[in-house]
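Protein chains: 2
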Amino acid sequence: MADFPKFVEFREEGPREGFQIEKTIYPIEQRAELIDLLSETGLKRIMVGSFVSPKYVPQMADTAELFTRIKRKPGVDYSTMWLNDKGFLNALAAKNAHINPMLLYYTSDAFCRRNNNCTMAEMAARQKDWVALYKQHGYGVETAGITTAFGCNFEGDIPLSRVLDVVRGLMQLCEESGIPVPTLSIADTMGWANPEAVKRMIGGLRELVPEARIAMHFHDTRGLGIANLYAALEMGVDLFDSAIGGLGGCPFGGFGNTRAAGNISTEDSVFMCHEMGIETGLDLNKLIVAAAKAEEIIGSPLMSRVLHSGGLDRFRN
Amino acid sequence: MADFPKFVEFREEGPREGFQIEKTIYPIEQRAELIDLLSETGLKRIMVGSFVSPKYVPQMADTAELFTRIKRKPGVDYSTMWLNDKGFLNALAAKNAHINPMLLYYTSDAFCRRNNNCTMAEMAARQKDWVALYKQHGYGVETAGITTAFGCNFEGDIPLSRVLDVVRGLMQLCEESGIPVPTLSIADTMGWANPEAVKRMIGGLRELVPEARIAMHFHDTRGLGIANLYAALEMGVDLFDSAIGGLGGCPFGGFGNTRAAGNISTEDSVFMCHEMGIETGLDLNKLIVAAAKAEEIIGSPLMSRVLHSGGLDRFRN
Numbered sequence: 056m057a058d059f060p061k062f063v064e065f066r067e068e069g070p071r072e073g074f075q076i077e078k079t080i081y082p083i084e085q086r087a088e089l090i091d092l093l094s095e096t097g098l099k100r101i102m103v104g105s106f107v108s109p110k111y112v113p114q115m116a117d118t119a120e121l122f123t124r125i126k127r128k129p130g131v132d133y134s135t136m137w138l139n140d141k142g143f144l145n146a147l148a149a150k151n152a153h154i155n156p157m158l159l160y161y162t163s164d165a166f167c168r169r170n171n172n173c174t175m176a177e178m179a180a181r182q183k184d185w186v187a188l189y190k191q192h193g194y195g196v197e198t199a200g201i202t203t204a205f206g207c208n209f210e211g212d213i214p215l216s217r218v219l220d221v222v223r224g225l226m227q228l229c230e231e232s233g234i235p236v237p238t239l240s241i242a243d244t245m246g247w248a249n250p251e252a253v254k255r256m257i258g259g260l261r262e263l264v265p266e267a268r269i270a271m272h273f274h275d276t277r278g279l280g281i282a283n284l285y286a287a288l289e290m291g292v293d294l295f296d297s298a299i300g301g302l303g304g305c306p307f308g309g310f311g312n313t314r315a316a317g318n319i320s321t322e323d324s325v326f327m328c329h330e331m332g333i334e335t336g337l338d339l340n341k342l343i344v345a346a347a348k349a350e351e352i353i354g355s356p357l358m359s360r361v362l363h364s365g366g367l368d369r370f371r372n
Numbered sequence: 056m057a058d059f060p061k062f063v064e065f066r067e068e069g070p071r072e073g074f075q076i077e078k079t080i081y082p083i084e085q086r087a088e089l090i091d092l093l094s095e096t097g098l099k100r101i102m103v104g105s106f107v108s109p110k111y112v113p114q115m116a117d118t119a120e121l122f123t124r125i126k127r128k129p130g131v132d133y134s135t136m137w138l139n140d141k142g143f144l145n146a147l148a149a150k151n152a153h154i155n156p157m158l159l160y161y162t163s164d165a166f167c168r169r170n171n172n173c174t175m176a177e178m179a180a181r182q183k184d185w186v187a188l189y190k191q192h193g194y195g196v197e198t199a200g201i202t203t204a205f206g207c208n209f210e211g212d213i214p215l216s217r218v219l220d221v222v223r224g225l226m227q228l229c230e231e232s233g234i235p236v237p238t239l240s241i242a243d244t245m246g247w248a249n250p251e252a253v254k255r256m257i258g259g260l261r262e263l264v265p266e267a268r269i270a271m272h273f274h275d276t277r278g279l280g281i282a283n284l285y286a287a288l289e290m291g292v293d294l295f296d297s298a299i300g301g302l303g304g305c306p307f308g309g310f311g312n313t314r315a316a317g318n319i320s321t322e323d324s325v326f327m328c329h330e331m332g333i334e335t336g337l338d339l340n341k342l343i344v345a346a347a348k349a350e351e352i353i354g355s356p357l358m359s360r361v362l363h364s365g366g367l368d369r370f371r372n
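Residue numbers (the working numbering), protein chains in the order written: chain Z, 56 to 372; chain H, 56 to 372.
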């Protein structure tokens, strides 16, 4: 029944999304060291940081500098993101940054106002200018991110119909601009998805725009991340964002040094794929080494399981 | 495609399996208090402790006493387990203990030797005596547990064919004894399962013994617990063991107060079911209250996500 892909690609979000949420700004040397360890795992794309407002996200203020500190490994794209024109121009100017021209859509006005200080409709309209800006610099569009696609803490459940409307707007923009529909990166930004909702979402998107590649960006906020990944694999999705160690959760109270779950953990995700015979091109043991470094940097336990239990190879002959 | 049950029952393992693995023996008053909180959640069966060797498992030595400390709620079975005749007789003698007559099968000689000091074949042969003992005391057999059904740290992968052979032995015993095949409780004791292996296992069991109810006992050792649960739900399984807070992991080093994952977390599992429209009869918020108590007793962070992030109801109007 299931339509599993033979090969799945994981794109590493840890160095950006993981450190972005921390109150502490960790030393640039340590973040560069983590990225260098990640470069050895087989990952083809590592998100190094982002070009966003240093006022609101001081953790990312040294992203341009960080790009110069890493040991670039041939075949690995060291990428970044931005939320406006200025950020894109800064990314272009950064030494060694791989440019992944992306569009950004919201499905929640409340979240869009917080992140981009405009309504989701205004943000959608603005994407036309982004396409033009990218074109002006010789780029097409690789990815369109759609945030809080399952639900939003400020607005509640997001109906699938709203996500499909957003994609219809994107399709119209692509037609008008004469560009192919980019990869749709569907983000469960706040951890609202469940496996059945994931299947409905992917089914709906496939029906609407069968030619588009679909990527999923899951958070494990409420513990369903790996089940959501499995559901997406059953639907044939072969591109996922993940974070080493499950970096990216908010620290929370109680025991002081514990934290809510962040992105789905790269090593747990890769472990599941390998156990089911799905290739990833990644070395699980090297991922565990990188995850241990991430935990050392953060200085408190990460939520990854395989980081702490290890894989199964050592028990097999 | 999926054959979801409309209602799923969770049987609570936390007070037994959760505390059994801890080096510390936590005060009996606190364990009774946790059980009393669990009694308010809608759970119909709570495993209070076990009647096993106090020499090897001193944490469970006061199980008989614990049974007298809890506030029994009508409609809730307060159950227990044993590994030999003597344990069963102690359970029978214990005040207020619900007797769940069970058989116990191994799929790994090495694990059987450690747990029961005999081979898996010897243990299987011994089950005839257990059936007779239960009959002698007026009981049938409710459950047959099959341990390390997916893999064993001492033996490696356990082939499905071996599990099916074990079940064939059980079927023969049932025929000879004139009793129906009991519920098959398939335990991934050491966290080797993956969702596809779960589906193959359930498919194989259904073909061999379609009349038997299947229960799954998952551990989240390598992060796949909730995905395995989802896969089993897709196959129509409607009975699961779980542990409040995800209790039951081994403490591990590194940060001193962190721990490997234990049983699948009751509250994370229930959250997923509810989000997919599957009823459980359980109150998620009350489960979170009980999980917080479990974390307080243990004194270090539990791996449950929903305990720390909460459910979604508060964001919905």
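Be aware that a few hints might be false.
Repeated chains share a single entry, so a pair holds when one copy, or any two copies, can fit it.
With a Cα cut of at most 30 Å, we get these calculated DSS-like pairs of lysine-lysine [said to hold, decoys possible]:
no.	residue 1	residue 2
1	LYS183	LYS128
2	LYS126	LYS150
3	LYS61	LYS254
4	LYS190	LYS254
5	LYS254	LYS126
6	LYS348	LYS141
Hints were generated in silico from the structure; no laboratory data involved.
Hint-by-hint comparison with the structure:
When the C-alpha separation of LYS183 and LYS128 is checked against a cutoff of 30 Å, the pair qualifies neither within a copy, at 34 Å, nor between copies, at 63 Å. In this assembly of identical chains, LYS126 and LYS150 lie within 30 Å of each other by CA distance solely inside one copy; the values are 13 Å within and 67 Å between copies. In this assembly of identical chains, LYS61 and LYS254 lie within 30 Å of each other by CA distance both inside one copy and across copies; the values are 19 Å within and 19 Å between. Proximity of LYS190 to LYS254 under the C-alpha cut-off of 30 Å is found in neither arrangement, the shortest distances being 34 Å within a copy and 48 Å between copies.
With identical chains, the CA atoms of LYS254 and LYS126 are never at most 30 Å apart, being 39 Å at best within one copy and 43 Å at best between copies. Taking identical chains as interchangeable, the C-alpha atoms of LYS348 and LYS141 are never at most 30 Å apart, the minima being 33 Å within one chain and 49 Å between chains.
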